[in-house]
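Colleague: The chain contents come next:
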Amino acid sequence: MTTPRPRPPLTPRAVGALLVDTTPWLSCDECFERMDVHVEALLADPHHRDPAMEHHLQGCTACADEARSLLDLLRSGTI
Amino acid sequence: MTAVSRDDLPPPGSGPGTTTRPAPPGGLAGSRRAEPADWVVALSTTGPEQQHALRLLHQLMVRAAAHQVWRMRSALPDDSPASVEVIVQQAADEAMTALLAKLHTFEGRSRFTTWAFKFAILQASSDVRRLQWRRREVELRDLDLGTIPAADHDDAERSAEGADLANAVARAMATVLTPYQRRIAVALLVDEVPIDVLAERLGTNRGALYKTLHEARRRLRAELTARGYLAPTGGAR
Numbered sequence: 044m045t046t047p048r049p050r051p052p053l054t055p056r057a058v059g060a061l062l063v064d065t066t067p068w069l070s071c072d073e074c075f076e077r078m079d080v081h082v083e084a085l086l087a088d089p090h091h092r093d094p095a096m097e098h099h100l101q102g103c104t105a106c107a108d109e110a111r112s113l114l115d116l117l118r119s120g121t122i
Numbered sequence: 007m008t009a010v011s012r013d014d015l016p017p018p019g020s021g022p023g024t025t026t027r028p029a030p031p032g033g034l035a036g037s038r039r040a041e042p043a044d045w046v047v048a049l050s051t052t053g054p055e056q057q058h059a060l061r062l063l064h065q066l067m068v069r070a071a072a073h074q075v076w077r078m079r080s081a082l083p084d085d086s087p088a089s090v091e092v093i094v095q096q097a098a099d100e101a102m103t104a105l106l107a108k109l110h111t112f113e114g115r116s117r118f119t120t121w122a123f124k125f126a127i128l129q130a131s132s133d134v135r136r137l138q139w140r141r142r143e144v145e146l147r148d149l150d151l152g153t154i155p156a157a158d159h160d161d162a163e164r165s166a167e168g169a170d171l172a173n174a175v176a177r178a179m180a181t182v183l184t185p186y187q188r189r190i191a192v193a194l195l196v197d198e199v200p201i202d203v204l205a206e207r208l209g210t211n212r213g214a215l216y217k218t219l220h221e222a223r224r225r226l227r228a229e230l231t232a233r234g235y236l237a238p239t240g241g242a243r
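Those sequence lines, one after another, are chains Y and F. Just so we're aligned, residue 44 is where the first sequence starts under my numbering, counting upward by one. Just so we're aligned, residue 7 is where the second sequence starts under my numbering, counting upward by one.
No lab work stands behind these hints, which were simulated from the structure alone.
Beta-carbon label-pair distances, calculated as ranges:
(1) F:Ala40 x Y:Trp68: 37 to 43 Å
(2) Y:Leu114 x F:His110: 22 to 28 Å
(3) F:Thr153 x Y:Pro94: 33 to 39 Å
(4) Y:Thr54 x F:Ala107: 39 to 45 Å
(5) F:Val47 x Y:Asp64: 39 to 45 Å
(6) F:Ala232 x Y:Pro67: 19 to 25 Å
Just a few of them, taken from the derived set where beta-carbon distance is under 8 Å, the chain F residues facing chain Y:
(7) Ala70
(8) Arg117
(9) Thr120
(10) Phe123
(11) Lys124
(12) Ser131
(13) Ala172
(14) Val196
(15) Arg212
(16) Gly213
(17) Tyr216
(18) Lys217
(19) Arg223
(20) Arg224
Quick reminder that beta carbons are idealized off the backbone N, C-alpha and C, glycines included.
Based on the sequences and whatever the hints tell you, model everything.
Modeller: As C-alpha cells, this is what we get:
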C-alpha cells in the first residue's frame with residue numbers, strides 16, 4: 044500500500060492567479076482612466092491591442108469585470 | 007462629499023421635454039430633448055441647460071448602475087427587485103457625484119456617455135461586492151507553511167504541472183515574499199476576497215493592494231523562472 048502524496052497547499056486556480064504576468068505595470072486608477080477609450084477601441088476593432096491594459100485586466104478581477112460590463116453595456120445599446 | 011441625489015434634481019418632466027422612462031444604454035431615447043452637444047459645458051454652466059444636463063446624466067447613471075447590479079444580483083443577500091432598485095439608485099447618486107468631481111478631466115477621447123457609464127459601473131460593482139461580504143469575516147491569514155513539502159530536486163525537470171508546480175509556488179511564497187505580501191496574496195488570490203472589500207477592511211485602497219500584489223507576483227515569477235519552473239518569457243514549462 045502506497046502513502047498518498049500530501050495535498051498541495053494551493054489549488055490550480057490559485058496557482059494560475061499567483062503567476063499572472065502583470066508587467067508592464069498599470070495601476071487600477073490608470074486602468075479606470077483608460078477603460079472607456081479601451082472598450083470603444085475594442086468595439087471598433089476586436090483585434091485592438093493594449094498590452095498594459097490586457098495584462099492588468101488578466102491580473103485584476105475587479106477591473107476585468109467592470110471592463111467586460113462596460114463592453115456589454117455598449118454592445119447592448121443603441122449608440 | 008455628499009452624493010448628488012435624484013432628490014436634488016429637478017423633478018422629471020418639470021424641464022422641457024424630459025422623462026425618466028427607461029431607455030437603452032448609450033442613447034437617451036426617453037428624452038424628447040436632445041442630449042447636450044457639449045456635456046462638459048452644459049454641466050458646468052448654471053441655468054436651465056445645466057438642470058437638463060444633470061437630469062439626463064442621472065438617467066445615464068441609473069441605466070449603467072442597473073446594468074451592473076443586475077449582472078451581479080445573484081451575489082446579493084437580497085436580490086428582490088425592490089432591493090435592487092435601492093442599490094441602483096444609491097450607486098447612481100454616488101457615481102454622479104464622483105463624475106462631477108472629475109468633470110474637468112474629461113478629454114473627449116471617448117464618447118461622454120461611455121466615460122460616464124464607467125463611473126456607475128465601478129460604483130455599482132463595489133457596492134454589490136461590499137453587500138455580498140457585509141456579514142462575512144475577512145481573515146488576513148498566512149499560507150500554512152508547515153504543509154509545504156520540501157523541494158524534490160527532480161521536480162522541476164520532471165514536471166511543472168499540477169502538484170509539483172503548486173508546491174514550488176508555495177515554497178517560493180514562503181521564501182521570497184514578505185509576510186504582508188503573502189497575506190495579501192492569500193486573501194486576494196487564494197481566499198478570493200474582492201479587492202475593494204479587502205481594501206475597506208484594511209483601511210487602504212484598491213490601488214495600494216494591487217501594487218502589493220503586482221510586486222508579489224513579480225517576485226514569484228522571478229523565483230520560479232530561476233528555479234526552472236517558468237520559461238524566461240512565459241508560463242510553466
